[in-house]
Amino acid sequence: MIYKKVCLLGAPGVGKTSLIQRFVSGLFDERYLVTIGAKIDARTVVTPSGEVQLMLWDLNGDEMFERVQSSYLRGMHGYLLVFDPTRPDTLEFALRLRETVEARGASVPSVMIANKADLHVDWQVSAAQITALDVYGLTRASAKTGAGVEATFATLAQLMLQGRREE
Amino acid sequence: MNRALPARESSQPPEGERLEDKQLSSDQLEDKQLSSDQLEDGQLSPAGLDELQALLLSGERERIAQLETLVLSESGRTAAVSDVLLEAMLERAGRDPQFARSLRPLVEDALRVSVKRTPLVLAEILFPILGPAIRRTVAHTLAAASASLSRAIDQTLTLEALRWRLEASRTGRSFGEIVLLKTLEYRVEQAYLIHRETGLVLLHEGVVGSSTPDAGLVSAMLTAIRDFAQDSFQTSDNLDQFQLGELAVHVETGPLAVVAVVVRGSPPQELRDRLAQLLEGVHQHSNDALHEFDGDPQHFEITRNELTELLVAAYRGARAPKTPRVTHPRQPQRVAALIAVIVVAIAGVLLLAQRERARWDGFFAALRNAPGIALTNVSQQNGRWVLEGLRDPLGVNPAALLEQHGLPAAQVRSNLRPFASLESVFVLKRAMIALEPPSTVRLQLSNDGVLLASGSASTTWLANAQVRVTAIAGVARFNLDGIKIISARP
Ligand SMILES: Nc1nc2c(ncn2[C@@H]2O[C@H](COP(=O)(O)OP(=O)(O)OP(=O)(O)O)[C@@H](O)[C@H]2O)c(=O)[nH]1
Ligand SMILES: [Mg+2]
Numbered sequence: 081m082i083y084k085k086v087c088l089l090g091a092p093g094v095g096k097t098s099l100i101q102r103f104v105s106g107l108f109d110e111r112y113l114v115t116i117g118a119k120i121d122a123r124t125v126v127t128p129s130g131e132v133q134l135m136l137w138d139l140n141g142d143e144m145f146e147r148v149q150s151s152y153l154r155g156m157h158g159y160l161l162v163f164d165p166t167r168p169d170t171l172e173f174a175l176r177l178r179e180t181v182e183a184r185g186a187s188v189p190s191v192m193i194a195n196k197a198d199l200h201v202d203w204q205v206s207a208a209q210i211t212a213l214d215v216y217g218l219t220r221a222s223a224k225t226g227a228g229v230e231a232t233f234a235t236l237a238q239l240m241l242q243g244r245r246e247e
Numbered sequence: 096m097n098r099a100l101p102a103r104e105s106s107q108p109p110e111g112e113r114l115e116d117k118q119l120s121s122d123q124l125e126d127k128q129l130s131s132d133q134l135e136d137g138q139l140s141p142a143g144l145d146e147l148q149a150l151l152l153s154g155e156r157e158r159i160a161q162l163e164t165l166v167l168s169e170s171g172r173t174a175a176v177s178d179v180l181l182e183a184m185l186e187r188a189g190r191d192p193q194f195a196r197s198l199r200p201l202v203e204d205a206l207r208v209s210v211k212r213t214p215l216v217l218a219e220i221l222f223p224i225l226g227p228a229i230r231r232t233v234a235h236t237l238a239a240a241s242a243s244l245s246r247a248i249d250q251t252l253t254l255e256a257l258r259w260r261l262e263a264s265r266t267g268r269s270f271g272e273i274v275l276l277k278t279l280e281y282r283v284e285q286a287y288l289i290h291r292e293t294g295l296v297l298l299h300e301g302v303v304g305s306s307t308p309d310a311g312l313v314s315a316m317l318t319a320i321r322d323f324a325q326d327s328f329q330t331s332d333n334l335d336q337f338q339l340g341e342l343a344v345h346v347e348t349g350p351l352a353v354v355a356v357v358v359r360g361s362p363p364q365e366l367r368d369r370l371a372q373l374l375e376g377v378h379q380h381s382n383d384a385l386h387e388f389d390g391d392p393q394h395f396e397i398t399r400n401e402l403t404e405l406l407v408a409a410y411r412g413a414r415a416p417k418t419p420r421v422t423h424p425r426q427p428q429r430v431a432a433l434i435a436v437i438v439v440a441i442a443g444v445l446l447l448a449q450r451e452r453a454r455w456d457g458f459f460a461a462l463r464n465a466p467g468i469a470l471t472n473v474s475q476q477n478g479r480w481v482l483e484g485l486r487d488p489l490g491v492n493p494a495a496l497l498e499q500h501g502l503p504a505a506q507v508r509s510n511l512r513p514f515a516s517l518e519s520v521f522v523l524k525r526a527m528i529a530l531e532p533p534s535t536v537r538l539q540l541s542n543d544g545v546l547l548a549s550g551s552a553s554t555t556w557l558a559n560a561q562v563r564v565t566a567i568a569g570v571a572r573f574n575l576d577g578i579k580i581i582s583a584r585p
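Protein chains in written order, with my numbering: chain A, 81 to 247; chain B, 96 to 585.
Hints listed in this document are in silico derivations from the structure and should not be mistaken for laboratory results.
Mixed in with the good hints, there may be bad ones.
Simulated crosslink set (SDA-like; lysine to any residue; CA at most 20 angstroms straight-line) [unchecked claim]:
| hint | chain 1 | residue 1 | chain 2 | residue 2 |
| --- | --- | --- | --- | --- |
| 1 | B | Lys579 | B | Val536 |
| 2 | A | Lys119 | B | Glu292 |
| 3 | B | Lys524 | B | Phe514 |
| 4 | A | Lys119 | A | Asp142 |
| 5 | A | Lys119 | B | Phe514 |
| 6 | A | Lys224 | A | Leu113 |
Covered by chain B, per the in silico footprint, the following chain A stretches (three or more residues, Cβ under 8 angstroms) [as the list claims (entries may be wrong)]:
| hint | stretch |
| --- | --- |
| 7 | 82 to 91 |
| 8 | 131 to 138 |
A quick note: this is a predicted structure, and the numbers were derived from the prediction, not measured.
Where is the CB? At the ideal position from N, CA and C, for every residue including glycine.
Using the sequences and the hints given, assemble the complete structure.
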């Protein structure tokens with residue numbers, strides 16, 4: 081079995097915990113329970129390049145920039161950058177976060193997620209803006225309906241395994 | 096003019112009375128206006144008006160001045176609001192759920208600022224809450240493995256174990272717990288080799304079925320706990336031991352890898368030395384693999400045996416098993432074999448008892464169903480079954496029934512009293528005996544007790560039968576219409 085450390089990064093309340101919960105246990109909770117510290121879950125995914133167990137580190141968005149500086153990101157193999165298009169500031173937050181992570185020299189595969197796709201009508205980010213994010217491997221997902229969740233994690237898993245091949 | 100009234104104002108009335116008082120004076124005012132109208136053709140002189148104003152409003156003026164300082168000066172406002180702030184908040188919160196919601200961003204911001212400025216303060220506040228929560232999670236994950244451990248020990252069948260079992264039921268603790276308490280000095284139950292940078296598990300060994308706790312999760316959590324402690328308290332010390340209920344986690348940290356063991360009881364210092372030794376070895380022979388580790392722990396299999404050797408246990412007392420490793424497969428197997436023999440023996444005895452019991456049950460059931468027997472009670476006296484009830488002498492013989500069921504007749508005493516059953520079979524049987532019909536006669540009994548004879552018979556038999564039939568219990572009438580009379584042979 082191959083293991084990979086994956087961190088979920090993004091502003092508070094964008095749905096990091098919800099995405100993990102949907103992916104690991106297939107559940108969704110309307111309540112917003114702020115994550116404190118770090119919570120870790122695990123799930124195995126099968127990709128064309130083989131099986132991999134993802135160790136999913138769920139960090140609290142509240143202290144995200146502190147977290148990014150801290151030991152929690154140490155050795156991660158990939159990360160998911162989550163934002164909530166109903167709140168444009170979370171996109172800004174995500175982009176700044178991405179810069180910070182890259183600046184630390186952690187050049188690992190990542191996927192950007194526009195979460196809450198079920199609330200599409202309430203999205204405050206323009207279609208053009210969204211399209212521009214394609215360079216970051218943008219995917220649309222909804223932790224609530226489960227749409228796009230499996231695919232997103234699978235994409236990241238595949239990217240991480242490919243990265244390993246190329247080395 | 097009535098001057099008696101304003102005189103009251105000069106002596107300040109107590110607070111509660113003011114409102115009432117004011118009302119009273121305006122009532123009076125109306126009265127006065129009325130009386131004034133009457134006095135000077137509906138007109139008051141200017142001097143009179145002033146006087147009246149001063150008279151009536153001097154108290155009010157003072158109060159307005161007071162109110163002005165209260166409302167217009169900042170210190171006044173602050174003092175006034177601070178008097179009722181808490182009460183007002185409570186009241187509002189009580190009737191308006193929106194209130195708490197509106198406060199939330201403020202509180203959150205305050206927390207955020209506090210975290211930024213003085214993280215240590217908040218960490219210190221949170222650690223007592225968070226620490227136990229994290230530890231509970233890990234302890235819970237590990238508990239499953241520990242439970243099956245106790246089961247392996249469950250199987251020792253000594254006199255001592257019996258005593259412990261009694262103690263267990265007396266104290267309400269599990270048997271395994273008692274055994275561990277009595278004999279165990281320490282036991283290394285789980286061992287993890289963890290990649291330091293990623294917190295990913297390289298190897299895991301546990302005393303029972305290594306898959307029971309998710310090694311990957313435990314190792315990541317251990318790493319997170321240590322990260323948390325390190326970040327929160329900004330110490331360079333590595334958290335090298337912490338307690339999870341009855342279990343302790345001992346951690347030895349190297350530059351590239353970490354080895355952690357979960358221990359029950361108090362291990363000797365020697366264990367630490369062994370952890371350090373293993374870690375040094377790993378850093379030596381797998382240095383490159385540790386540097387290049389990318390999630391595939393295959394390479395570290397070469398260390399598995401060493402890790403397994405960490406799983407040691409020490410027991411107190413001479414009778415306790417002396418095996419150095421709990422995973423040793425032969426010990427549980429031998430015990431299992433012994434158990435199996437005992438179980439088979441017990442099962443055999445039980446099975447035999449069960450069979451015999453079933454045979455007796457079969458016999459009693461047959462007896463109850465047998466025609467001509469009315470069983471009223473079955474009891475056991477001095478190891479013998481005693482049957483009570485009624486039995487038609489023409490009915491089944493219990494002794495024969497016993498033999499049929501392969502049961503010893505000596506074990507049954509029959510106290511059955513004779514009676515004449517009115518079941519048609521018995522009535523017919525009795526009729527056959529009493530009437531001795533020739534082979535040409537057929538006897539039948541109808542539901543209402545009419546005995547029907549048909550066929551052919553001699554007049555002699557007919558005559559005899561008509562007399563004898565009266566003695567047969569259960570026959571109401573005798574119908575001979577179906578008999579053809581044949582003359583007796585010469
Ligand atoms: N409609 C909708 N709501 C969502 C979705 N994902 C998350 N939410 C809701 O958004 C809120 C926040 O979700 P969380 O998963 O707790 O957010 P988080 O990013 O983990 O937040 P922090 O732990 O504070 O960093 C919750 O009330 C969720 O129910 C989604 O796809 N659709
Ligand atoms: Mg969360």
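Now the hints, each set against the structure:
Among the hinted pairs, Lys579 of chain B with Val536 of chain B is consistent with the structure: their alpha-carbon atoms are about 10 angstroms apart, no more than 20 angstroms. At roughly 17 angstroms between alpha-carbon atoms, Lys119 of chain A and Glu292 of chain B fall within 20 angstroms of each other, so this suggested pair holds. For a cut-off of 20 angstroms, the pair hint linking Lys524 of chain B to Phe514 of chain B stands: about 14 angstroms separates their Cα positions. Taking the CA atoms of Lys119 of chain A and Asp142 of chain A, the gap is near 14 angstroms; set against the 20 angstroms cutoff, the hint holds.
Pair hint Lys119 of chain A plus Phe514 of chain B does not hold up; C-alpha atoms about 85 angstroms apart against a cutoff of 20 angstroms. Restraint check for Lys224 of chain A and Leu113 of chain A: satisfied, since their Cα atoms lie roughly 15 angstroms apart, inside the 20 angstroms limit. Here the stretch 82 to 91 of chain A counts 4 residues with a CB under 8 angstroms from a CB of chain B, which clears the bar of 3, and the coverage holds. Counting residues of the stretch 131 to 138 of chain A whose CB falls under 8 angstroms from any CB of chain B gives 4; the rule of at least 3 is met.
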